[in-house]
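Sequences are here, hints too, so could you generate the full structure?
Each chain, letter by letter, is given below.
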Amino acid sequence: MSVSRVNLSMLSSTEGIEMSEQQAIKFGYITYEETVPLTSEFAQNLLEGKIVGKVCNNCKAKYLPPRNGCSKCFSRDLSPFEVSPEATLKAFTVIHFPPESFADKAPYIVAIGEFEDGTAVLAHLTGMTAMPQVGMKIKLVGQKIAQDRVVYKFVKV
Amino acid sequence: MDEDVVIVGGGHSKFGKRKGLGIRELAFEAVESLLKDFNMGLEDIDASVIGIAGEEFSGQGAPAAVINDEIGMAGKPTLRVESACATGTAAIKAAYGWIKAGFYDSVLVLGVEKMTSVSSARATELMARAGDVRWESPYGCTFPGYYALFASAHMKEYGTTKEMLSAVGVKAHHYGAMNPLAHLQKEVSLSEAMNAVPIAHPLNLYDCSLISDGAAAVVLTRESIAKKFTDTPIKIKGIGSGSDTMQVAQRKSLTSLQGAKDAARKAYKMAGITPNDVDVAEVHDCFTIAEIIATEDLGFFEPGQGGPAVLDQQTYIGGKIPVNVDGGLKSKGHPLGATGVSQAYELRKQLLGEAGKRQVDGATIGLSHNVGQSGQFVNVIIYGRD
Ligand SMILES: [Zn+2]
Chain A
27 MSVSRVNLSM LSSTEGIEMS EQQAIKFGYI TYEETVPLTS EFAQNLLEGK IVGKVCNNCK
87 AKYLPPRNGC SKCFSRDLSP FEVSPEATLK AFTVIHFPPE SFADKAPYIV AIGEFEDGTA
147 VLAHLTGMTA MPQVGMKIKL VGQKIAQDRV VYKFVKV
Chain B
3 MDEDVVIVGG GHSKFGKRKG LGIRELAFEA VESLLKDFNM GLEDIDASVI GIAGEEFSGQ
63 GAPAAVINDE IGMAGKPTLR VESACATGTA AIKAAYGWIK AGFYDSVLVL GVEKMTSVSS
123 ARATELMARA GDVRWESPYG CTFPGYYALF ASAHMKEYGT TKEMLSAVGV KAHHYGAMNP
183 LAHLQKEVSL SEAMNAVPIA HPLNLYDCSL ISDGAAAVVL TRESIAKKFT DTPIKIKGIG
243 SGSDTMQVAQ RKSLTSLQGA KDAARKAYKM AGITPNDVDV AEVHDCFTIA EIIATEDLGF
303 FEPGQGGPAV LDQQTYIGGK IPVNVDGGLK SKGHPLGATG VSQAYELRKQ LLGEAGKRQV
363 DGATIGLSHN VGQSGQFVNV IIYGRD
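Residue numbers (the numbering used here), protein chains in the order written: chain A, 27 to 183; chain B, 3 to 388.
Derived from the structure by calculation, the hints contain no laboratory data. For every residue, glycine included, the Cβ atom is placed at its ideal position computed from N, Cα and C. Misleading hints may appear alongside valid ones.
Unchecked claim - Below, computed lysine-lysine pairings styled on DSS-like, alpha-carbon distance capped at 25 Å:
1) 163(A) <-> 351(B)
2) 131(A) <-> 182(A)
3) 88(A) <-> 254(B)
4) 165(A) <-> 230(B)
5) 165(A) <-> 98(A)
What the hints assert, rightly or not - Here are some chain A residues the structure puts well away from chain B; computed CB gaps all over 10 Å:
6) 56
7) 73
8) 76
9) 98
10) 111
11) 156
12) 168
Shown next, in the form of structure tokens:
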């Protein structure tokens, strides 16, 4: 099984480089599976500063992260919806002993933030000068970390 | 098949860093141990179920076949079962189903894992891939990390403290020190446990189970033919299972495992018992917070009372409910595929009164709680002496 790795030392040195239209943008610090259109579309929206999930037009189930079909009613008729980035910190940890692929990134904070509409994601929490507090207000932002790669992360409000 | 399914034999390899031994040698060692108090060889066993969580640790693809052959069962049907860290109990459940369906009378269940052949960083990486590789693993959350997330929520919600977490590790090592099969057989003080090197805050080294090699085996059969294998069968009285969302961020609760609560409810109902009837429990303490949450999900303590109960030694022998008195995953070790079978091995010994210094006096009902990933697979199995 091949794992493509991003060279972490190159992070944040590629701001402003134009994306080619054909290039599938990857999501996250590392890619373990083939990038599918659903993920690259999500990543492209993130590059444009938007967090976009999918809502089922049949049963109204909401998916963030997005899905291609509705797992509740199996409808394929889903529409995009944009999530407001303000969130509440539900849980966090500081990773001191990372997976092999994150060796030069530790320690880093992994957090779960819940948005006002009840959807939630797991992402890094950055910019903290003290230990985070569960319940604190945070915000999800996108960040381009390589020419073909984008991540989201929480920051303190 | 209307009669009960019983366990008529148990075997266990030494858990630990078993340098020089592959999965086949570990499996052999567990069966060799099983045959010591078995009335015969494996000639009357009809099939095997092999529990093994990953092949990237051992390098062997389709590992059930090599193990089935090594233990002299080539020619008899075999099956590999995988449910991450809940693989062992899933294998027992599969064998139970085979016997109940009438396919076979007697089935050998063997759980095994060889993990120390890779570095700890590599093992952490391989296990992290059992998170959602599309949406969560790309952020480097480790398995300790997922449980540390639960710990932060549990601490905020109930006031659970670092001392309570560490007290779980201290208990694990207290009993592990008395278990000759355990990976780490040494006592640990509360201050050592509280001040160990951080892994995923608030969890440190003494909050985390060990990366171990090992194997365990049990034989399941129909109650009416149990006597040919042993004079002392142990009954499987109830089995319940549950699951949860793949992404931990989508959970309704971060302070309990819904799959464990569902599994427990079903297992208690099938066995016709309540949590108060359980004499000894083996719970999935992959991390100290996991044991606290487990004792709450299983109904031994109210939500939020699992931590204080440990400080009060309510989970020691002599307390309200002795938990993991074999050392648990923390001290005995956690070779993924072997763990659920090891729980069955230990409970059988307890119910037969053969647990030596760690014996819970007069134990007649034992409960096994085995969790895969961070709650995506859960099996609860209740064993009884009669
Ligand atoms: Zn729908």
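Tested hints:
| no. | hint | verdict |
| --- | --- | --- |
| 1 | 163(A) <-> 351(B) | violated, 51 Å |
| 2 | 131(A) <-> 182(A) | holds, 20 Å |
| 3 | 88(A) <-> 254(B) | holds, 14 Å |
| 4 | 165(A) <-> 230(B) | violated, 66 Å |
| 5 | 165(A) <-> 98(A) | violated, 29 Å |
| 6 | 56 | violated, 5 Å |
| 7 | 73 | holds, 16 Å |
| 8 | 76 | holds, 17 Å |
| 9 | 98 | holds, 13 Å |
| 10 | 111 | holds, 15 Å |
| 11 | 156 | holds, 13 Å |
| 12 | 168 | holds, 14 Å |
Of the numbered hints given earlier, the model fails hints 1, 4, 5 and 6; all others are met.
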